[in-house]
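Participant: Sequence:
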Amino acid sequence: MRWNETGSNRMERLRLPQQIAAEISAHLRGALPNEGCGLLSGSRTGEGGAADRFFAGTNIDQSPTRYTMLPSEVAQALDEMERGNTTLLAIVHSHPSGPATPSVTDLREFHYPGALMVIADVTAGRCELRAWSVDPIPGRVSEVLIQIVP
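Residue numbers for the sequence shown follow the numbering used here, so the first one is 594 and each next one is one higher.
No wet-lab data here; the hints were simulated from the structure.
Fair warning: there could be bad hints in the mix.
[Said to hold, decoys possible] Pair by pair, the computed Cβ-Cβ distance ranges are:
| # | residue 1 | residue 2 | range |
| --- | --- | --- | --- |
| 1 | 625 | 678 | 32 to 38 angstroms |
| 2 | 623 | 734 | 24 to 30 angstroms |
| 3 | 605 | 665 | 20 to 26 angstroms |
| 4 | 717 | 656 | 26 to 32 angstroms |
| 5 | 729 | 616 | 16 to 22 angstroms |
By construction, the Cβ of each residue, glycine as well, lies at the ideal position given by its N, Cα and C atoms.
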């Protein structure tokens, strides 16, 4: 598994196949009323990333305001990424009460600066996905375009 530990070469966009977006949406809505979580793998393409798989996770916190993905699922997903020669593109989670923007807790606990933070607002039966690049320098967060592709 490859990922950029320095946070440089940040992604400007994320290409997300419709089927994977649907998988993410179904998983995160299924986790309600708690936060859902998972990992997104794929490849880096220039200044962007192209997703190829969503690894659905179990939120062991069972909380509507916090998530911790089951460590064995994280390890298995990272192992599969390494064997498949893919990269951890994003850490995905939901905000059951919205909005799809990073919370103070999200930013404090984000430890993978080479990956994006994808957050879903799953209020009112919808699933609005937004992606964020988090620089290692505290307080430097920028939105990344998600391009849904067939």
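Participant: If a hint holds in the structure, say so; if it does not, say that too.
Facilitator: Comparing the hints with the structure gives:
In this structure the supplied range 32 to 38 angstroms holds for residue 625 paired with residue 678, their Cβ-Cβ distance being about 34 angstroms. Take residue 623 and residue 734: their Cβ atoms lie about 28 angstroms apart, and the range 24 to 30 angstroms holds. A hinted range of 20 to 26 angstroms for the beta carbons of residue 605 and residue 665 is inconsistent with their spacing of about 33 angstroms. One distance hint, 26 to 32 angstroms for the beta-carbon pair residue 717 and residue 656, is violated here, with the actual separation near 20 angstroms.
Distance hint check: the CB atoms of residue 729 and residue 616 are about 30 angstroms apart, inconsistent with the given range 16 to 22 angstroms.
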